[in-house]
Amino acid sequence: NAGVTQTPKFQVLKTGQSMTLQCAQDMNHEYMSWYRQDPGMGLRLIHYSVGAGITDQGEVPNGYNVSRSTTEDFPLRLLSAAPSQTSVYFCASSYSPGGVDMNTEAFFGQGTRLTVV
Amino acid sequence: QQPVQSPQAVILREGEDAVINCSSSKALYSVHWYRQKHGEAPVFLMILLKGGEQKGHDKISASFNEKKQQSSLYLTASQLSYSGTYFCGTESGTLFGNEKLTFGTGTRLTIIP
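In order, the protein sequences belong to chains A and B. All letters in the first sequence, in the order written, are residues 151 to 267 by our numbering. All letters in the second sequence, in the order written, are residues 163 to 275 by our numbering.
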């Protein structure tokens, strides 16, 4: 049971390049989300998904795209990288049991450190 | 809008107590607490649902005052392993739960021997 796996761990991009950050979970979680972490800013939500085929924007979605074709995978695409997107990116997943106790813990991947030059 | 955490940073000696506060301008359904060590992923500590319930395990506990839209994390008799950055995550009134967690900016806790 690997949990939440993010690849790559480190990446350097040139301004204007595009790339996809991969996130996969093997816990059959319905909810998945992407956060970016910058010094002094905490974790800010980029996009999230409540199930395959359903995604929505978070606080800072500009410059990023997501899709969710399977329960397991939730890739984050940078369309045209900018230096302002230099950050540490975390993917998280959580389980929705339904019923009364709907809130469960979020499991985080180990992060991708992205530098845009 | 991100919840506000206070203090931003605190330094304690081993064995001292700490309180970290989290407040929101929105009505809250739940509050999560996570701890992150340097260079690592955030790790779950606990969830509090609206109802004012206080939770805890070992020497870390938390309370949630839904009327004031605030939560507090209490660390008693702190240990060196408690060092890290603590984040509260809030979820406001959606039907499906915590798919849209909004995190605070964090409180850096340093424990010295």
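There's no promise every hint is true.
[To be verified] Some chain B residues close to chain A (C-beta under 7 Å, calculated; not the full set):
| # | residue |
| --- | --- |
| 1 | Ala203 |
| 2 | Tyr244 |
| 3 | Gly268 |
Treat the hints as calculated values from the structure; they're not laboratory data. All C-beta atoms, glycine included, are put in the ideal place defined by N, C-alpha and C.
Hint check:
no. : hint   : verdict
1   : Ala203 : holds (4 Å)
2   : Tyr244 : violated (19 Å)
3   : Gly268 : holds (5 Å)
The structure fails to meet hint 2 from the earlier list, while all remaining hints are met.
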